[in-house]
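Protein chains: 2
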Amino acid sequence: MTDQQQLPPDVIAQLKALDPEIGPQLAQATWALLTPFHEKAGCTAPKIDRDLAYGNDPRHRLDIHTAGDQDQDRQGGRPVLVFVHGGGFVRGDKHTPGSPQYDLVGAWAVRHGYVGVTMTYRLAPQHMWPSGAEDVTRAVGWLKTHIAAYGGDPDKIVLVGNSAGAVHVASFVAGQGGADPTTVKAAAMLSGIYVIRTPEPGTPEHVYYGPNPGPQTSPIPRLLDSPIPLLFSVAERDPFNFQREAARLVSAWQHQHGTVPDLVWVEGHNHMSTIASLTIDEPALGTALARFVDRHTTTEGAA
Amino acid sequence: MTDQQQLPPDVIAQLKALDPEIGPQLAQATWALLTPFHEKAGCTAPKIDRDLAYGNDPRHRLDIHTAGDQDQDRQGGRPVLVFVHGGGFVRGDKHTPGSPQYDLVGAWAVRHGYVGVTMTYRLAPQHMWPSGAEDVTRAVGWLKTHIAAYGGDPDKIVLVGNSAGAVHVASFVAGQGGADPTTVKAAAMLSGIYVIRTPEPGTPEHVYYGPNPGPQTSPIPRLLDSPIPLLFSVAERDPFNFQREAARLVSAWQHQHGTVPDLVWVEGHNHMSTIASLTIDEPALGTALARFVDRHTTTEGAA
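Residue numbers (numbering that gives the first Met the number 0), protein chains in the order written: chain A, 0 to 302; chain B, 0 to 302.
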């Protein structure tokens, strides 16, 4: 047994029994199971500054989550955890009123001593590749100037992307859309896709990349030469495509570096519940993610 | 930050700076760094029953680690964590007086509410393949009869093998030497080898398997069809061979099952320090290992 906050075994069993295919059914069933735990744990940080504009598009918006303690916040120097949500490149938002999506990530960040940032970005089909990497670049640039006022250290930014958000983070790390990955300290990609193949019509990739994405759209191989530390995760109940991507990533990484990458296998969770496990089921992902953030934002820890 | 016990960043940095090649130098440097933390945390369980004979060979011995609370121990029903040490098939022991090797594993097990068992086994070259799997089988048989007297549930045995011990556990799970893996509830393999190839003279594999090990000596492919849940780990600073094994395992598992296996990437640690991370650096391995044990020994959690 561990003293950390964990989901009860019967809830994990119910999660594991869900059909892993991504869609409204999985989303509804997953959040119905988990929202009560978020509400109990508290999924909002003490202070949230909403809808700050990091660019001119209506989707160029981010929320900043802090401890709300003016003295502490003024002290500064905190790591800045920037969350990039998923939604198949065509939907999703940083915040859905009345739900823990994704204020819970900001609350988790604040609990661990970070400043939390939840950002959104332009969507396909209006905005196609590499708009995601461009928007992450734009948001990071804005944070460099403004995050100190919220207690964050502009030199300790860590990106965390989930699903399509993980693809945008991977795209940023690979330097697509003019991105400079050395402007952040580290990056985590949860249930992402790292090699872009010719997509079937109707798939999210077809909408974002168009029918014939060139090799320059794939985060791999440049992702393998990342100048910053990376963490990846795959959920026990992620669908086949994401499992295959994770296995191929391990293989390509080992081929390139002789080592296995930092890949977290998120026990008991699915494509939707991975990010929802933060705070309410810490051993699933939160423990490893916090250690990753701490390691790469603490000066002592630089090895 | 996390509230769990962790090693200070400067100690992790020192660990990461060590040459990862396995040998007396790595062992000495690693234990010199970590033993003070074990001594501070306490690396002995309240009660240790030593050198119980599970067979006729002088190496057929195990130690049982318990809370030493007669009422609690008599209650019974606890998971039983059985640790199989490493040592290149030719050396190593369950207990080295004056060192935390490997009473620390027993103490960790007791802290988490389990009964801890540390076992040793016959060594090569006197005893070659499949003597390791035979001895694990023998020890499990002995525990089935005797562990209830120590508060353990004979139907909740979980094996944890490290290095050569992981190979013996893999061999047991693959049914070698007459083993029946369904006699245990789950098995964890830390920094193991899963495909046995023609070994170079002078290597540990050459001593244990002989110069021409047949395909029947390889845990894979049968390991992939395990009837019990498995956890694997690889250390960030494991040497090349172990990294390659881990990557190949992921690839073979995904090919067979369509999913990635439960592989823990042990952040900051090396081949020797992975097992030493228990208790003193819980997020590295202990958190995931305890969750694995709990999941597969709790009736509610069976999904």
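Since the hints were made in silico from the structure, they are not lab data.
Take the hints with a grain of salt, since some may be wrong.
It does not matter which identical chain is used: a pair holds within one copy or between any two.
Result set (EDC-like, lysine to aspartate or glutamate): computed pairs, CA atoms no more than 20 Å apart in a straight line [claimed, not checked]:
no.	residue 1	residue 2
1	Lys184	Asp48
2	Lys184	Asp9
3	Lys15	Asp261
4	Lys39	Asp56
5	Lys15	Asp293
6	Lys184	Asp50
7	Lys46	Asp68
8	Lys143	Asp179
9	Lys15	Asp92
Consistency of the hints with the structure:
1. Taking the shortest alpha-carbon separations for Lys184 and Asp48, neither the intra-copy value of 23 Å nor the inter-copy value of 49 Å comes in at or below 20 Å.
2. Taking identical chains as interchangeable, the C-alpha atoms of Lys184 and Asp9 lie at most 20 Å apart only when they sit on different chains, with a minimum of 19 Å there against 38 Å within one chain.
3. In this assembly of identical chains, the alpha carbons of Lys15 and Asp261 lie at most 20 Å apart only when taken from different copies (15 Å versus 24 Å within one copy).
4. Proximity of Lys39 to Asp56 under the C-alpha cut-off of 20 Å is found in neither arrangement, the shortest distances being 35 Å within a copy and 56 Å between copies.
5. Taking the shortest Cα distances, Lys15 and Asp293 sit within 20 Å of each other only across copies (16 Å), while inside one copy they are farther apart (30 Å).
6. Taking CA atoms no more than 20 Å apart as the test, Lys184 paired with Asp50 passes in neither setting, with 24 Å inside one copy and 51 Å between copies.
7. Taking the closest pair of Cα atoms, Lys46 and Asp68 come within 20 Å of each other only inside a single copy of the chain (9 Å); across copies the shortest separation is 47 Å, beyond that limit.
8. In the homo-oligomer, the alpha carbons of Lys143 and Asp179 lie at most 20 Å apart inside one protomer (13 Å), although the nearest pairing across protomers, at 59 Å, exceeds that limit.
9. In this assembly of identical chains, the alpha carbons of Lys15 and Asp92 never lie at most 20 Å apart, being 26 Å within a copy and 39 Å across copies at closest.
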